[in-house]
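Participant: Chains as they are written, first to last, in this note's numbering: chain A, 1 to 270; chain B, 1 to 270.
It should be emphasised that the hints constitute simulated quantities derived from the structure, not laboratory data.
Be a bit skeptical, because a hint or two may be false.
No distinction is drawn between identical chains; accordingly, a pair holds when it is met within one copy or between any pair of copies.
To be verified - With a straight-line cut-off of 20 Å between C-alpha atoms, the simulated SDA-like cross-links for lysine to any residue are:
| hint | residue 1 | residue 2 |
| --- | --- | --- |
| 1 | K165 | V148 |
| 2 | K165 | N141 |
| 3 | K165 | G31 |
| 4 | K49 | P39 |
There are 2 protein chains.
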Amino acid sequence: MAAAATAAWAQRLAGVRGLLLDVSGVLYDGGDGGGTPIPGSPEAVARIKQSGLKLRFCTNESQKSREKFVGLLQRLGFDISVDEVTAPAPAACQVLKQRGLQPYLLVHDDVRSEFDKMDTSNPNCVVIADAGEGFSYQNLNEAFRVLVSLENPVLLSLGKGRYYKETDGLMLDVGPYMKALEYACDVQAEVVGKPAPEFFQAALKEMGTEAHETIMIGDDIVNDVGGAQRCGMRALQVRTGKFSKKPDLETLFPALRSLCTGPGPFCPGV
Amino acid sequence: MAAAATAAWAQRLAGVRGLLLDVSGVLYDGGDGGGTPIPGSPEAVARIKQSGLKLRFCTNESQKSREKFVGLLQRLGFDISVDEVTAPAPAACQVLKQRGLQPYLLVHDDVRSEFDKMDTSNPNCVVIADAGEGFSYQNLNEAFRVLVSLENPVLLSLGKGRYYKETDGLMLDVGPYMKALEYACDVQAEVVGKPAPEFFQAALKEMGTEAHETIMIGDDIVNDVGGAQRCGMRALQVRTGKFSKKPDLETLFPALRSLCTGPGPFCPGV
Chain A
1 MAAAATAAWA
11 QRLAGVRGLL
21 LDVSGVLYDG
31 GDGGGTPIPG
41 SPEAVARIKQ
51 SGLKLRFCTN
61 ESQKSREKFV
71 GLLQRLGFDI
81 SVDEVTAPAP
91 AACQVLKQRG
101 LQPYLLVHDD
111 VRSEFDKMDT
121 SNPNCVVIAD
131 AGEGFSYQNL
141 NEAFRVLVSL
151 ENPVLLSLGK
161 GRYYKETDGL
171 MLDVGPYMKA
181 LEYACDVQAE
191 VVGKPAPEFF
201 QAALKEMGTE
211 AHETIMIGDD
221 IVNDVGGAQR
231 CGMRALQVRT
241 GKFSKKPDLE
251 TLFPALRSLC
261 TGPGPFCPGV
Chain B
1 MAAAATAAWA
11 QRLAGVRGLL
21 LDVSGVLYDG
31 GDGGGTPIPG
41 SPEAVARIKQ
51 SGLKLRFCTN
61 ESQKSREKFV
71 GLLQRLGFDI
81 SVDEVTAPAP
91 AACQVLKQRG
101 LQPYLLVHDD
111 VRSEFDKMDT
121 SNPNCVVIAD
131 AGEGFSYQNL
141 NEAFRVLVSL
151 ENPVLLSLGK
161 GRYYKETDGL
171 MLDVGPYMKA
181 LEYACDVQAE
191 VVGKPAPEFF
201 QAALKEMGTE
211 AHETIMIGDD
221 IVNDVGGAQR
231 CGMRALQVRT
241 GKFSKKPDLE
251 TLFPALRSLC
261 TGPGPFCPGV
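Using the sequences and the hints given, assemble the complete structure.
Facilitator: Put into structure tokens, the structure is as follows:
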């Protein structure tokens, strides 16, 4: 990268102390056998950690429990642990507890363990997540019947993404199914996950940085970039994942590193 | 029915020469073994035909070909033939032909024969109908992939109903899945069927009556009643089908019959 461009990036990123990183489409593309890392991303994560910048993974992944998700990413070569991940399923459990809601779960079997402590008898709300093949007609119809029978229907949606990329092509995400239920029942879903401000704020709190000193990096212009900006963060959109062109996280890293090689209080270890 | 009420109905229905009848939820409720007729409806259809009123069946049924649909209704005791039915699949075929479109069909196997003459190679549009169990994740995702790959995506939806009633409960109709694809691909569907004005106008032309002398009877306030009224027809909503309270078609019939027992040009045979 030319020196002038690096300097321009450095200016844009001045004052950044922490990074929130989207995962799917930024670090890896899901698919057969779990998926494949986007080239350069495991190294970029390692270098961000070495740089002294704070780092947290902020994902709308709702098809797997955090344990399964982190296990997959570790196998793909990423330095990541469960307590570094902000994900919508635990956030939804908090909402359910606070409001005394008993959910009907339209979710993937691999994320069901996150809801182990929830009472799912006599459901008085529906929780919808990226159920993948679990989005059968029968399952969606059952969720519809629960909602339509409620006097005050509550629909919690773990994210509202349109689609994501797997190695063999684009895949419908939870958002289209959320819209289907909204239309069928004339109800407005409450989104838990990006781009909800509460979700970003929880991630910031867990990381220990303020919005103005944090940057969000993701591949989704609405859920990652727009959501973070509305919370007062800066945001960068990579062109991997849903997009097909550079820059990816690897090509962004020199700009991020430039933050940490100049003098400044935020990169003491570099 | 009290004489005063009958007279009030007669006034409201003055000048009516023809009836458009919705089918599902008005004549029968679908379900196991094909479904069950709504009590009194086969007799009401017979009496309407005897009255000399013109009659046409105007349905958004898109899960079965007209042949299968009419065969089912005949087995349930209705006096009905294929050439009395206005249905969305043939209307969609006309649109496809006129515009040189080759569809990807997200439809039920039982309606596929209506599209036999369509070229479905290299699809440049998607046709979505009430696919029932055919609304698997894989099938919806395939339709999404076709649409998202097109420079000018075209989505034809055979109706946009939210749900309908079968004998064992409410069932999601095509509308929620149409909304899912609209959201996933940022596209606006073109609805073929009720409440599209072109569809009602085709039914009127086939029946040979003008809008102001025709009444639409259905159970759906948007697709039957609203759609017909926007075309200049009067409309009656029955409380069978999606609704659980009277009046049903049988209780409406005395009012309709009152049209035909008084003197007037439209009921010569009564």
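Participant: Against each hint, give a clear statement of whether it holds in the structure.
Facilitator: Going down the list of hints, with the structure as the test:
Taking CA atoms no more than 20 Å apart as the test, K165 paired with V148 passes between copies only; the shortest distance there is 13 Å, against 32 Å inside one copy. Taking CA atoms no more than 20 Å apart as the test, K165 paired with N141 passes between copies only; the shortest distance there is 12 Å, against 26 Å inside one copy. Taking identical chains as interchangeable, the C-alpha atoms of K165 and G31 lie at most 20 Å apart only when both belong to the same chain, with a minimum of 8 Å there against 38 Å between chains. Proximity of K49 and P39 under a CA criterion of 20 Å is satisfied intra-copy only: 18 Å inside one chain copy versus 72 Å between copies.
Violated hints: none; the structure is consistent with every hint.
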